[in-house]
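A.B. asks: Here are the chains, one letter per residue:
2 protein chains.
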Amino acid sequence: MAVPLERRNEKASFEQTIPATSELPVHYSVLLFPAFDALDVIGPVEVLGHLARSYQITVSFITTAASASSLLNNSTHNASLTPVSTRTRAASMNPFNSSAFVSIPPTHSLADPPAQIDALIVPGGAGTRAPDLAPTISFVASTFARLQYLLTVCTGAGIAARAGVLDGRRATTNKRSWNETTALRPQGPLWQRSARWTEDGNVWTSGGVAAGTDMMLGFVAKTYGGAVARSIALDMEYEWRDDGSWDAFAYAQDMADAE
Amino acid sequence: MAVPLERRNEKASFEQTIPATSELPVHYSVLLFPAFDALDVIGPVEVLGHLARSYQITVSFITTAASASSLLNNSTHNASLTPVSTRTRAASMNPFNSSAFVSIPPTHSLADPPAQIDALIVPGGAGTRAPDLAPTISFVASTFARLQYLLTVCTGAGIAARAGVLDGRRATTNKRSWNETTALRPQGPLWQRSARWTEDGNVWTSGGVAAGTDMMLGFVAKTYGGAVARSIALDMEYEWRDDGSWDAFAYAQDMADAE
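Taken in sequence, the protein lines are chains A and B.
Take the first sequence: its position 255, counted from the start at 1, is 255 in UniProt numbering, and no numbers get skipped.
Take the second sequence: its position 166, counted from the start at 1, is 166 in UniProt numbering, and no numbers get skipped.
It cannot be assumed that every hint is accurate.
What the hints assert, rightly or not - Label-pair restraints from in silico Cβ distances:
| id | chain 1 | residue 1 | chain 2 | residue 2 | range |
| --- | --- | --- | --- | --- | --- |
| 1 | A | 138 | B | 23 | 32 to 38 Å |
| 2 | B | 202 | A | 93 | 29 to 35 Å |
| 3 | A | 251 | B | 22 | 50 to 56 Å |
| 4 | B | 252 | A | 24 | 26 to 32 Å |
| 5 | A | 134 | B | 54 | 29 to 35 Å |
| 6 | A | 193 | B | 138 | 49 to 55 Å |
| 7 | A | 190 | B | 82 | 42 to 48 Å |
| 8 | B | 26 | A | 164 | 33 to 39 Å |
| 9 | A | 254 | B | 22 | 37 to 43 Å |
| 10 | A | 246 | B | 201 | 33 to 39 Å |
| 11 | B | 116 | A | 251 | 21 to 27 Å |
| 12 | A | 245 | B | 131 | 46 to 52 Å |
| 13 | B | 83 | A | 96 | 25 to 31 Å |
Hints were generated in silico from the structure; no laboratory data involved.
Beta carbons are placed, not taken as given, at the ideal position from N, Cα and C, and that holds for glycine.
Could you put together the complete structure from these sequences and hints?
C.D. replies: Structure follows, in structure tokens:
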């Protein structure tokens, strides 16, 4: 039944750098803050769900909400693992008073994070503009040194930029929120206006929302091999852009900005 | 900042059939069964999240798990609203004993569904092959008459097919699971082998996983107007295939089947 992917022409760049199995990331974590973007999270998580059928991996979800234990210093920290919602806090973001939100229950918190994080995924969303992100930014800054990989999706790059970990690295972000997000740290990161995703050392960043799925597939290709990534894209019936430099959305936004 | 979508050439088919606001769907519900596919759900929900900024809508999530109230006949039915996980029940689906799952907390249950459902979305996933789907199938069958729209994603078409509501209608499903899913009701539905999505009367069906996002955008285009759908796709940086008859994945699978 499988498409004979191995018979296709391989892109050498994907195939020459596959690390030994012992060096592959196992423990993936995703940050969840209020008003995260749902697809920023689930696009990459869907890719990892398929990868998990071929490699032993874990995916955990870290809520940025202050835990009951850190506030009360007792042992009932699990009580703080309230599902994190995509609900916007700003009424101006919901002018029709809609109720079209989804929540994800976290497995960990900033105060009680996973013992090991090999790859940390930082999504975007309206919540990246909240005024109370200091603990989240500090967590990214302090955790970065022990990560194998950091990956940001959409305006999640704004969190990583403020943590200083994009300094000196190529990075991209949502094209419609470009000015607002890059202004958070205009110097330091080597902002790439036109890129579906970027890879610079162990840091990957993507454009807006759906671009995170292309980045995650690109990461799988680089890390586990191109055939693995293509098989997952086929399973997902996802039209993967396997070239990070492709970006029709930067172009579309440039056209709009020029009006 | 906004891209001048209204200046583009409109596709007449999307623009001529927009109903009056009073006829627009307001209440969307998504079925959640164990081992649903995460992106089958979140792709369309992401589209609805963006739509919700321009139209007043609600999105609810209906767990198919038997509720405590239906079992115990008491009033604590909310205790049954356990988050529904993508975790597969078959160990054979998880040979590396990975833990790469995500859960969604439901808002309703089959026993206590929303008072009004205008559009019901049925996702796919490994859970559509579970042996205990009779209550779910019955719910779709009994609810269908009061729906404005039914939309299925991926192997969710197998649930709708068994409910009999695809009979006499064009429908499609996941291309890699094609034989298995269409065999659930080979006669009745007018199965379309090559289609990103189908629309037949008030029933929409899509191909696998990511195709649900294209279908949902197609539904928004038909129902709210093409400019609305294109603006959402641009916000999502999603390469929307706005022609439901496009389907590279049927072709890829046909190639594989011919091996």
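A.B. asks: With reference to the structure, classify each hint as holding or not holding.
C.D. replies: These are the hints, each one checked on the structure:
no. : hint                       : result
1   : A:138 to B:23: 32 to 38 Å  : violated (50 Å)
2   : B:202 to A:93: 29 to 35 Å  : holds (31 Å)
3   : A:251 to B:22: 50 to 56 Å  : violated (39 Å)
4   : B:252 to A:24: 26 to 32 Å  : holds (27 Å)
5   : A:134 to B:54: 29 to 35 Å  : holds (33 Å)
6   : A:193 to B:138: 49 to 55 Å : holds (53 Å)
7   : A:190 to B:82: 42 to 48 Å  : holds (46 Å)
8   : B:26 to A:164: 33 to 39 Å  : violated (45 Å)
9   : A:254 to B:22: 37 to 43 Å  : holds (39 Å)
10  : A:246 to B:201: 33 to 39 Å : holds (38 Å)
11  : B:116 to A:251: 21 to 27 Å : violated (42 Å)
12  : A:245 to B:131: 46 to 52 Å : holds (48 Å)
13  : B:83 to A:96: 25 to 31 Å   : holds (27 Å)
When each numbered hint is compared with the structure, violations occur for hints 1, 3, 8, 11.
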